[in-house]
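**Student:** If you want the building blocks of each chain, they are given just below.
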Amino acid sequence: MIRDRRVWLWFAPVMLVLGGVYLVPVADVIRFSFSDATLLRPVTGYGLDGYRAAYNDDSLGVVLRNTGLFTLLSVISLQAMGLAIALLLVRGDRRRLYGMGALRTIVLAAWVIPGIANGLIWQMLFSEAPFGAINSTLRLIGLAPVAWLSDPGNAMISAVIANVWQGSAFSMIVFYAARRAVDPVLYEAASVDGASPVAQFIFITIPQMRGALLVNSILVTIQTLNTFDTILALTGGGPGRATEVLSLNIFNRVFYSYDLGGGSALAVLLLAISMALTVIYLLVLMRKGAR
Amino acid sequence: MTPRMGDRLTYVAGIILAALFLMPLLWLVSLSLRTPAEVYLGAARFIPEAPTLDNFRLILTDRAFGTYLWNAVKLCALGALGAVIVATPAAYAASRFSFRGKGPVMVGILMVQMISPLVVIIPLYRYLDRLGMLESHLSVIAVYMAIGVPLSVWLIKVGFDTIPKALEEAAAIDGCTQFEILWRITLPLAAPALASAFILNMIMGWSQFLVPFILLTRDGQLPIAVAIYNFAGSSSASTTQLLAAACLVAVVPALAAFLALQRLIVRAIMAGAVKG
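As given, the protein sequences belong to chains E and C, one line each in that order. Just so you know, the working numbering puts the end of the first sequence at 1698, numbered straight through with nothing missing. Just so you know, the working numbering puts the end of the second sequence at 278, numbered straight through with nothing missing.
Source of the hints: derived by calculation from the structure; they are not laboratory data. Computed from a predicted model, the values in this text were never measured in an experiment. Worth double-checking, as some hints may not be accurate.
To be verified - Derived CB-CB ranges, DEER-like:
1. C:LEU140 x E:TYR1665: 19 to 27 Å
2. E:ALA1554 x C:ASP163: 52 to 60 Å
3. C:LEU261 x E:TYR1665: 38 to 46 Å
4. C:ARG102 x E:GLY1426: 17 to 25 Å
5. E:GLY1426 x C:ALA52: 55 to 63 Å
6. E:TRP1415 x C:THR179: 16 to 24 Å
7. E:TRP1415 x C:ARG132: 28 to 36 Å
8. E:GLY1468 x C:ARG132: 33 to 41 Å
9. E:ASP1465 x C:GLY235: 22 to 30 Å
10. E:GLY1468 x C:GLY235: 23 to 31 Å
11. C:ARG132 x E:ARG1587: 30 to 38 Å
12. C:ARG132 x E:ASP1465: 31 to 39 Å
Even glycine gets a Cβ: it sits at the ideal position worked out from N, Cα and C.
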């Protein structure tokens, strides 16, 4: 144990950078949220007007509902897709099948694509013009076209699909690592006892990977809540407000309506949700570490 | 079910998944090689009959996309480098010394990683406006750096953890100072961890949209992610093939870097997800 205070010098650069770009601004966002400032006008008074206006706004209910739905559908689908691919890869590795590395590379490739490009690519795929990728394919095989982006319900599904295409790789890697850490003896014993693959999945794989599933679902939830660039490029939050999620709403409020107080009040909400999830995540990690 | 049948099912599922994940990119390539007339033929011309590179020529020369690419490389490379330089001393101290308050500080750094840049960009915009530092690449690089620091500290710490202390102790007996040990012995051995932190930061910076979109407005300064968003706003059905080419130009450098350095990146994601 070092008692010398100088040990903190090693942390000075990190403190300086994170303090300047995160801690001070976070404190200021909380201050702004209680003020009447706009993006260009300084604070002239403090009060709860920002909160009152933002939280009484009729649109907020819709936005929060969208956020909940988008996050829930995304988190479930991202993990289901990630888990399916991870288990497939592990099986392929074990049986020494060809092409498993290629599959992993293809899924990961989508992950490095910028969110904005992702939104634009899917906009071309979902395009409802007669020559749009998916709709013209449907027509080729004699099916009716689908209103992917102009129908409010479908637009939400489309946004989730685009998000899942890009994001599954993260869950895939986490689950791949977790699955490989499961003791193979468990599966051997189960096979000897005559357990079917489905039973092995339910009684060995899922319980053994419980920790990874929990940790990953929290991380993926935070990532989904905090990003909006795919939605911005794909639907712009529309049609109407059908795909406008909280982070996109804050972005629009502050940078298009110049409503700094209201935007900050909602940014504080976003921050509070992220931090609450992070605390749960840390508690989970500590419990895992203790065991 | 016999193992052979299981293998066949695995192959079928693998091929379907690979196709699902590959199709969007293939469609993008297909569109970017078409003439406007062929764009209107939709899926029937998935493989263009008269492929053309004109779209790329137009995008890279007329539209200044070369400048946008260079801006993006510059911003994310310097931001990533800065993050690694700032994170390394803290990571070393966290790996090698035990002292009061280390746990809370490391947890605090991890919590910062969970804060959306959207929350801090609002005040940052005002500070930079007051300081007259909007429209400056330096400001954007500083913010990229801060965004990359938390993950970098953790990744590099994990890297240092794997280097045996005995090597450093031997150097200390030979009379090296603490700084010499770090510079001459530990850092070279930690090169893979430093490299994966750098690359992961590069990829995150390449994807970054919000920060440059808010802090920069002059066209010649924009990185590629912002440029394609603006370009999409001004494009119509008749320029779909140009938008596709622009998207491809934005995506290919990230894909190329990823394909070249896949092992490092996968390891970094694993370490990042497991440790924080």
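**Student:** Against each hint, give a clear statement of whether it holds in the structure.
**Tutor:** Structure-based check of each hint:
LEU140 (chain C) and TYR1665 (chain E) have their C-beta atoms about 26 Å apart, which keeps the hinted 19 to 27 Å range intact. One distance hint, 52 to 60 Å for the beta-carbon pair ALA1554 (chain E) and ASP163 (chain C), holds here, with the actual separation near 53 Å. The beta-carbon spacing between LEU261 (chain C) and TYR1665 (chain E), approximately 43 Å, falls within the hinted interval of 38 to 46 Å. Taken as a hint, the range 17 to 25 Å holds for the pair ARG102 (chain C) and GLY1426 (chain E), whose Cβ atoms sit roughly 20 Å apart.
Here the CB-CB span from GLY1426 (chain E) to ALA52 (chain C) is close to 58 Å, well matched to the stated 55 to 63 Å. Between TRP1415 (chain E) and THR179 (chain C) the Cβ separation comes to about 19 Å, which falls inside the hinted range of 16 to 24 Å. TRP1415 (chain E) and ARG132 (chain C) have their C-beta atoms about 30 Å apart, which keeps the hinted 28 to 36 Å range intact. Checked against the hint of 33 to 41 Å, the pair GLY1468 (chain E) and ARG132 (chain C) passes, with Cβ atoms roughly 36 Å apart.
Separated by about 28 Å at the C-beta atoms, ASP1465 (chain E) and GLY235 (chain C) satisfy the suggested range of 22 to 30 Å. A C-beta distance of roughly 29 Å is found between GLY1468 (chain E) and GLY235 (chain C), which places it inside the suggested range of 23 to 31 Å. Range check, ARG132 (chain C) to ARG1587 (chain E): about 52 Å between beta-carbon atoms, so the 30 to 38 Å window is missed. For ARG132 (chain C) paired with ASP1465 (chain E), a C-beta distance near 34 Å keeps the hint of 31 to 39 Å intact.
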